[in-house]
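S.K.: Read off the chains here:
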Amino acid sequence: MSSPYLSQPSSVSMIMLKVLCAMIPAIAADAWFFGPAVLVTICLASITALCVEALMLQLRNRPVLPFLMDGSALLTAWLLALSIPPMGPWWMIVTGTAFAIAISKHLYGGLGNNPFNPAMVGYAVLIISFPVQMTQWLAPESVAQAHLGLGEVLDYMFFHILPQGMNLDAVTSATPLDTLKTQLHMERPIGEILSMPIYGAMGGKGGEWMAAAYLAGGLYLLQQRIITWQVPVAFLASIFAISGLFHLADSAHHAGPFFHLASGASMIGAFFILTDPVTGPTTPKGKLLFATGAGILTYLIRTYGNYPDGVAFATLLMNICVPLIDAYTQPPVFGKKK
Amino acid sequence: MLDAILVMSGLALFLGSLLGYASIRFHVQGNALVEKIDAILPQTQCAQCGFPGCRPYAEAIAEGRAEINQCPPGGEANIHKLADLLGVEFKSLNAKHGAEKPKSVAFIDENTCIGCTLCIQACPVDAISGAPKHMHTILSQECTGCELCIEPCPVDCISMVPVAVTVSNWKWKAPSYLQEAG
Amino acid sequence: MESYLLILVSTVFVNNIVLVKILGLCPFMGVSKKLEAAVGMGAATTFVLTLGSGSSYLISKYLLGPDLSYLTTISFIVVIAGIVQFTEIVVKKVSPVLYQVLGIYLPLITTNCAVLGIPLLNLQEKHDFVQSLLFGMGGAVGFSMVLILFAGIRERLEAADVPEPFRGGSIAMVTAGLMSMAFMGFSGLVK
Amino acid sequence: MRKLFHFNGGVHPPQHKVESVKDPIRKPPLPEKLVIPLHQHIGTAAKVAVMVGERVLKGQKIGEATGNVSSAIHAPTSGKVLEIGNFPVAHPSGLSELCVTIAPDGMDEAAPFSPVDPFSMDPAEIRKILRDSGVVGLGGAVFPSAIKLNPGREKQVRTLVLNGAECEPYITCDDLLMRERADEIVKGAQIMRHLLHAEEVIVGIEDNKPEAIAAMKQAAGDEIEVVAVPTLYPGGGAKQLIRVLTGIEVPAGERSTDLGVQCFNVATAYTVYRAIACGEPVTSRIVTVTGNVKNPGNYEALIGTPMDFLIGLSEPLEGSRGALMGGPMMGFDLPSVSVPVVKATNCIIVKSEKLFPAPPTPMPCIRCGRCAASCPADLQPQELYWFAKAGNFGKAQEYSLFDCIECGCCSYVCPSHIPLVQFYRYAKSEIWAQEREKKSSDIARVRHEFRIERTEREKREKAERLAQKAAQTRAQIKAEENS
Numbered sequence: 001m002s003s004p005y006l007s008q009p010s011s012v013s014m015i016m017l018k019v020l021c022a023m024i025p026a027i028a029a030d031a032w033f034f035g036p037a038v039l040v041t042i043c044l045a046s047i048t049a050l051c052v053e054a055l056m057l058q059l060r061n062r063p064v065l066p067f068l069m070d071g072s073a074l075l076t077a078w079l080l081a082l083s084i085p086p087m088g089p090w091w092m093i094v095t096g097t098a099f100a101i102a103i104s105k106h107l108y109g110g111l112g113n114n115p116f117n118p119a120m121v122g123y124a125v126l127i128i129s130f131p132v133q134m135t136q137w138l139a140p141e142s143v144a145q146a147h148l149g150l151g152e153v154l155d156y157m158f159f160h161i162l163p164q165g166m167n168l169d170a171v172t173s174a175t176p177l178d179t180l181k182t183q184l185h186m187e188r189p190i191g192e193i194l195s196m197p198i199y200g201a202m203g204g205k206g207g208e209w210m211a212a213a214y215l216a217g218g219l220y221l222l223q224q225r226i227i228t229w230q231v232p233v234a235f236l237a238s239i240f241a242i243s244g245l246f247h248l249a250d251s252a253h254h255a256g257p258f259f260h261l262a263s264g265a266s267m268i269g270a271f272f273i274l275t276d277p278v279t280g281p282t283t284p285k286g287k288l289l290f291a292t293g294a295g296i297l298t299y300l301i302r303t304y305g306n307y308p309d310g311v312a313f314a315t316l317l318m319n320i321c322v323p324l325i326d327a328y329t330q331p332p333v334f335g336k337k338k
Numbered sequence: 001m002l003d004a005i006l007v008m009s010g011l012a013l014f015l016g017s018l019l020g021y022a023s024i025r026f027h028v029q030g031n032a033l034v035e036k037i038d039a040i041l042p043q044t045q046c047a048q049c050g051f052p053g054c055r056p057y058a059e060a061i062a063e064g065r066a067e068i069n070q071c072p073p074g075g076e077a078n079i080h081k082l083a084d085l086l087g088v089e090f091k092s093l094n095a096k097h098g099a100e101k102p103k104s105v106a107f108i109d110e111n112t113c114i115g116c117t118l119c120i121q122a123c124p125v126d127a128i129s130g131a132p133k134h135m136h137t138i139l140s141q142e143c144t145g146c147e148l149c150i151e152p153c154p155v156d157c158i159s160m161v162p163v164a165v166t167v168s169n170w171k172w173k174a175p176s177y178l179q180e181a182g
Numbered sequence: 001m002e003s004y005l006l007i008l009v010s011t012v013f014v015n016n017i018v019l020v021k022i023l024g025l026c027p028f029m030g031v032s033k034k035l036e037a038a039v040g041m042g043a044a045t046t047f048v049l050t051l052g053s054g055s056s057y058l059i060s061k062y063l064l065g066p067d068l069s070y071l072t073t074i075s076f077i078v079v080i081a082g083i084v085q086f087t088e089i090v091v092k093k094v095s096p097v098l099y100q101v102l103g104i105y106l107p108l109i110t111t112n113c114a115v116l117g118i119p120l121l122n123l124q125e126k127h128d129f130v131q132s133l134l135f136g137m138g139g140a141v142g143f144s145m146v147l148i149l150f151a152g153i154r155e156r157l158e159a160a161d162v163p164e165p166f167r168g169g170s171i172a173m174v175t176a177g178l179m180s181m182a183f184m185g186f187s188g189l190v191k
Numbered sequence: 001m002r003k004l005f006h007f008n009g010g011v012h013p014p015q016h017k018v019e020s021v022k023d024p025i026r027k028p029p030l031p032e033k034l035v036i037p038l039h040q041h042i043g044t045a046a047k048v049a050v051m052v053g054e055r056v057l058k059g060q061k062i063g064e065a066t067g068n069v070s071s072a073i074h075a076p077t078s079g080k081v082l083e084i085g086n087f088p089v090a091h092p093s094g095l096s097e098l099c100v101t102i103a104p105d106g107m108d109e110a111a112p113f114s115p116v117d118p119f120s121m122d123p124a125e126i127r128k129i130l131r132d133s134g135v136v137g138l139g140g141a142v143f144p145s146a147i148k149l150n151p152g153r154e155k156q157v158r159t160l161v162l163n164g165a166e167c168e169p170y171i172t173c174d175d176l177l178m179r180e181r182a183d184e185i186v187k188g189a190q191i192m193r194h195l196l197h198a199e200e201v202i203v204g205i206e207d208n209k210p211e212a213i214a215a216m217k218q219a220a221g222d223e224i225e226v227v228a229v230p231t232l233y234p235g236g237g238a239k240q241l242i243r244v245l246t247g248i249e250v251p252a253g254e255r256s257t258d259l260g261v262q263c264f265n266v267a268t269a270y271t272v273y274r275a276i277a278c279g280e281p282v283t284s285r286i287v288t289v290t291g292n293v294k295n296p297g298n299y300e301a302l303i304g305t306p307m308d309f310l311i312g313l314s315e316p317l318e319g320s321r322g323a324l325m326g327g328p329m330m331g332f333d334l335p336s337v338s339v340p341v342v343k344a345t346n347c348i349i350v351k352s353e354k355l356f357p358a359p360p361t362p363m364p365c366i367r368c369g370r371c372a373a374s375c376p377a378d379l380q381p382q383e384l385y386w387f388a389k390a391g392n393f394g395k396a397q398e399y400s401l402f403d404c405i406e407c408g409c410c411s412y413v414c415p416s417h418i419p420l421v422q423f424y425r426y427a428k429s430e431i432w433a434q435e436r437e438k439k440s441s442d443i444a445r446v447r448h449e450f451r452i453e454r455t456e457r458e459k460r461e462k463a464e465r466l467a468q469k470a471a472q473t474r475a476q477i478k479a480e481e482n483s
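Protein chains in written order, with this note's numbering: chain A, 1 to 338; chain B, 1 to 182; chain C, 1 to 191; chain D, 1 to 483.
Honestly, the hints are just simulated from the structure, not real lab data.
Honestly, I wouldn't trust all of these hints.
[Claimed, not checked] Some, not all, of what chain D presents toward chain C, calculated at C-beta under 7 Å:
hint	residue
1	Lys389
2	Phe393
3	Gly394
[Unchecked claim] List of simulated lysine-lysine pairs, DSS-like, C-alpha gap at most 30 Å:
hint	chain 1	residue 1	chain 2	residue 2
4	B	Lys36	C	Lys61
5	B	Lys81	B	Lys91
6	C	Lys34	C	Lys92
7	D	Lys439	B	Lys171
8	D	Lys27	B	Lys173
Where is the CB? At the ideal position from N, CA and C, for every residue including glycine.
Construct the entire structure; sequences and hints are all you get.
M.R.: Okay, structure coming up:
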């Protein structure tokens with residue numbers, strides 16, 4: 001062993017634990033507005049993630065316990081669970097989580113080695129493979145025509161059974177972003193669309209409160225110095241700027257910047273997805289570049305693309321660029337500043 | 001039919017003359033690659049690769065007459081460097097040419113040496129000093145450890161001594177936990 | 001003007017020749033181990049592709065015409081082969097190390113399906129001369145871009161703790177697959 | 001007030017300094033045996049200047065400086081030379097180097113010292129005296145001071161910085177020296193200033209040493225400025241202190257003299273004063289003995305004193321296992337506690353499980369970037385680690401591996417507890433080894449080419465000689481036939 005012989009009492013598990021804690025307010029908001037289904041999804045994803053992680057560690061001859069305890073698999077599971085519709089069928093959740101952990105994480109060597117954000121890989125696989133199930137989001141309980149209890153949610157997720165006489169349309173709807181896109185396509189004026197019952201004050205009803213909860217969690221992470229300001233600020237600012245520009249140019253067909261900040265995965269993306277240290281750049285300039293690119297791509301994909309939201313694809317596309325971003329944004333070393 | 005033949009032959013003629021011009025205009029003198037390969041080789045001049053020295057071996061690699069894994073003194077590290085330079089797959093050292101050994105220098109047992117100068121003639125880097133009928137000495141600073149002097153010695157007074165580790169050439173080890181985690 | 005821009009955006013991102021059309025995989029896998037080589041390969045391919053699509057447009061329009069259209073494929077191949085040979089001679093002169101690093105892949109640009117594919121697609125889409133050139137260049141830029149990005153990732157993966165059976169080519173294939181999946185995000189951007 | 005600058009990063013490890021400043025500097029008794037290594041400085045080892053069995057006096061030269069970068073070695077007390085041979089020295093490798101062993105005779109009889117007046121002498125002469133007095137940097141780098149005190153022909157050294165920051169935890173030897181011998185330090189600084197023609201002298205002391213700052217301020221008067229700098233590890237690194245005090249950043253591989261500033265440790269200034277004004281060579285230094293001992297403190301130890309002798313004086317406690325030389329951030333594990341004190345020994349820390357628990361098993365790097373945020377050299381430690389781990393040393397060098405000062409901040413903050421600095425040391429020594437090999441292979445190439453050319457020339461000459469001879473013979477025969 002060589003020096004230093006002292007070290008700070010911090011650990012990877014501690015960091016992951018704090019990130020998980022920071023997500024709790026948003027999960028609570030989710031359960032409050034959309035019912036208990038999200039809790040089932042999170043549990044199922046967590047169990048799958050831990051099992052697959054343990055299995056892969058065993059197969060790779062790595063110590064199982066220390067790596068299970070690091071919390072990274074749980075984090076992936078939670079992020080994925082919060083990105084997909086809460087009442088998706090069980091096999092979809094299991095497939096997505098297993099793909100995220102096994103293929104996009106362990107094939108690359110596990111924690112710290114994966115170039116792509118595992119949760120977003122899981123999401124992309126699911127939305128490409130099961131577009132129907134992936135767009136059946138629960139409507140906010142205040143809007144939906146019917147409510148489902150925990151037992152009924154379980155029945156639907158595992159056995160695909162709804163209570164007698166109930167139609168799936170009674171509890172689900174497209175996301176606010178998706179609705180906006182399809183309705184705009186049908187040439188409805190934007191003011192009329194945004195006054196539909198699924199919309200709230202800024203974004204989607206309920207969804208905007210989740211966004212606020214993610215913001216709160218993110219601020220906690222900033223305060224704890226788990227994440228740095230560059231990624232969230234640059235990401236949100238670039239979404240704000242580009243959506244503002246489009247809104248100014250043509251407000252009849254483009255929702256305003258605050259709508260875009262409060263809708264979809266903007267907030268969870270800014271504070272929890274893009275801030276993943278493993279798959280993001282490490283230099284301050286690189287982080288700004290990375291998040292700005294992700295913001296612009298997110299806006300373009302969610303407004304013009306085929307998919308309801310763009311955060312996942314934007315994250316993956318920017319993940320591809322990370323090694324080069326890192327290489328070309330090295331800060332000058334001591335004594336060699338210009 | 002005739003058009004087709006005309007068109008194709010016209011095309012061929014045009015491209016042919018273009019290429020002919022290019023090959024004259026951009027003719028390459030010599031091979032800069034040999035220098036780059038030679039710079040990687042350890043210059044032991046031991047001929048274990050089957051060529052009479054490092055430079056001939058470098059030329060052979062550049063011309064594709066030799067594999068990159070024929071140099072035992074350079075070892076795996078050098079094969080990696082050559083593979084990198086040439087953009088080919090790494091191959092482990094060809095055992096036919098010998099095995100990788102810790103760097104050694106030759107040592108002459110001065111009591112046995114008869115001063116025959118045979119080793120001096122064999123040394124590729126003039127690292128042995130001495131005169132006929134006088135005892136010979138290895139200049140250990142210059143010795144490459146090629147072992148070419150051992151064979152000709154009629155009294156077997158030359159042995160290879162591994163280079164000693166001192167404070168000035170001691171190396172830090174890589175942290176050893178890599179195998180367990182990471 | 002706008003349609004030209006759309007052609008570029010479409011060929012570089014939305015219909016990326018490698019990740020969406022899955023053409024030209026051979027050099028994509030072969031010359032992406034090192035960044036420098038990837039940059040060199042990208043430049044060489046861009047040169048060949050742009051020149052190739054321009055000249056094949058001229059050939060099919062003015063030399064072959066509708067009568068001799070059965071000669072399209074063979075004459076394209078001949079022209080491309082000529083251009084590749086020319087590039088090879090120039091690269092050998094200008095950068096011997098790049099020549100050595102590109103190795104077999106440099107003459108193999110001839111058989112790079114992207115290089116033949118783009119002129120044929122040009123023909124199929126009935127592009128005019130400028131459109132053909134842009135289509136060729138866009139395809140080449142898209143190819144170079146993903147090749148360079150891929151090389152960046154592969155250089156980083158050199159040090160990753162990839163399980164033994166997946167080292168090298170297999171993890172590269174997995175990565176290419178995931179990249180291709182990410183590029184599906186662009187779908188719909190240009191109709 | 002002087003405007004202070006700051007450097008990137010830095011950490012605040014626990015100080016542990018109060019334990020060893022309770023007593024003034026202690027004078028240990030004479031040990032039974034002194035083992036004095038001949039290579040205690042950067043550069044060429046000194047050449048032995050005594051013989052086995054010879055009686056030496058305190059201050060007598062036992063090792064002569066050889067080569068451009070070197071320094072002399074002296075007998076710390078009077079006694080008999082017992083042995084000259086290889087003994088284990090204070091080095092992380094645990095290898096042996098040439099040492100002179102002296103058995104003190106207890107009389108402590110000194111060779112005659114000849115003080116000089118530095119202000120009326122040729123600076124080159126003074127530098128010669130410093131070299132022959134064995135004055136080297138006592139902050140830990142042990143670079144011969146005579147070389148650093150040469151301002152060069154045109155180079156102007158504007159600022160002389162005296163380093164009293166002592167930023168490493170546990171170490172207090174400079175603190176006590178400044179408290180007790182501030183006058184001598186200041187006088188030494190004045191000699192150095194004279195040699196360098198420096199316009200200003202600044203003493204930088206971390207603000208966790210108020211007593212030392214007060215003592216130095218009192219001794220310094222108006223000419224020398226004593227500045228309290230914020231306590232932040234590694235604020236006592238020469239480059240970092242120069243940055244804090246003057247705003248100048250000295251890049252790796254460049255000499256600070258070229259940028260108009262030179263930096264010395266306060267203890268070096270003290271030895272400069274002793275060497276010039278008292279004529280007394282370096283035969284002892286202040287050593288902090290602390291850690292798991294009952295009675296931590298500072299000793300004015302003779303060079304060559306076995307470390308376990310000093311540790312014994314401080315009474316080690318239960319559970320002691322081994323010791324560190326230097327501080328806990330940059331020091332190293334002593335292969336054996338019986339190795340001798342050398343000029344670089346500023347501190348000996350006795351280890352115990354409680355003070356230095358084994359680090360947790362390292363986890364993979366998650367690229368969190370804390371190391372980069374704490375790096376005082378503005379490097380990207382996570383990238384260096386990634387390349388060093390893969391054995392890609394060229395790439396590590398591209399990412400400025402050799403700008404790393406091995407301060408240990410990155411390892412200290414790493415949540416994965418990766419021994420980052422060890423990776424860098426490993427990569428550096430591998431690169432040095434490769435460079436040595438490259439050098440010797442270049443020499444071998446030249447010698448081989450020369451030999452080929454020579455043999456060919458000899459062959460050619462021989463052939464020519466033979467041809468000439470043949471022609472001569474033929475001509476002779478022809479002449480004979482004709483006649």
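S.K.: All hints, please: hold or fail.
M.R.: How the hints compare with the structure:
no., hint, result
1, Lys389, "holds, 6 Å"
2, Phe393, "violated, 12 Å"
3, Gly394, "violated, 12 Å"
4, Lys36(B) x Lys61(C), "violated, 47 Å"
5, Lys81(B) x Lys91(B), "holds, 11 Å"
6, Lys34(C) x Lys92(C), "holds, 19 Å"
7, Lys439(D) x Lys171(B), "holds, 17 Å"
8, Lys27(D) x Lys173(B), "violated, 39 Å"
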